[in-house]
Amino acid sequence: MHALGTHLLVELRECNPEILKDLKRVKNALVSAAKEAKATIVDISFHEFNPFGISGMVVIAESHLSIHTWPEYSYAAVDIFTCGDIIKPEVAASFLIEQFESKSPSIVELKRGILSHMNEKLPHKITEPELQSVS
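First residue of the sequence shown? That's 1 in the UniProt record's numbering, and the numbers climb one at a time after it.
Heads up, some of the hints might be wrong.
[Stated by the list, open to error] Restricting the straight-line Cα-Cα distance to at most 20 angstroms, the calculated cross-link-like pairs of lysine to aspartate or glutamate (EDC-like) are:
#1 K103 with E18
#2 K21 with E98
#3 K24 with E48
#4 K21 with E101
[As the list claims (entries may be wrong)] Restraint-style ranges between C-beta atoms, simulated for each label pair:
#5 H2 with K38: 15 to 23 angstroms
#6 D85 with K35: 27 to 35 angstroms
#7 I86 with E18: 30 to 38 angstroms
#8 H68 with E90: 32 to 40 angstroms
#9 F46 with H2: 30 to 38 angstroms
#10 F49 with D79: 13 to 21 angstroms
#11 H2 with V91: 15 to 23 angstroms
#12 I107 with I86: 16 to 24 angstroms
#13 F49 with K111: 27 to 35 angstroms
#14 R112 with V91: 16 to 24 angstroms
#15 L110 with F49: 23 to 31 angstroms
Simulated from the structure, these hints should not be mistaken for laboratory data.
We put the CB at the ideal spot given by N, CA and C, even for glycine.
Produce the complete structure using the sequences and hints provided.
Now the structure itself:
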């Protein structure tokens with residue numbers, strides 16, 4: 001079974017709440033996680049909520065990393081979606097578990113883009129002529 005991408009749903013429970021409410025640390029952690037996984041960063045956007053909580057996204061050429069923090073519950077929800085098989089999303093997940101000092105993390109892995117009519121490994125990018133031959 002071949003897929004276009006891997007999507008990790010990362011539950012970070014029992015984190016250090018001081019880190020989760022620090023915009024600079026949260027942003028640096030996600031950007032560094034993308035770099036650790038050897039991803040190509042395209043754009044970065046973060047927002048700090050009042051009284052607390054941060055949402056952010058690191059758009060990568062291979063898809064994205066996103067986070068939503070609830071420091072009042074010592075919890076963060078992280079999505080790591082990568083296309084192709086070069087980037088290792090599990091490296092980014094492990095890095096974030098350490099950075100947020102999560103004592104009770106969990107990871108659910110989903111394969112995305114499983115196309116039943118395709119029996120061979122799929123490239124995550126194809127050219128227009130290749131697209132015509134697939135149709």
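Which numbered hints turn out to be false for this structure?
6 and 8
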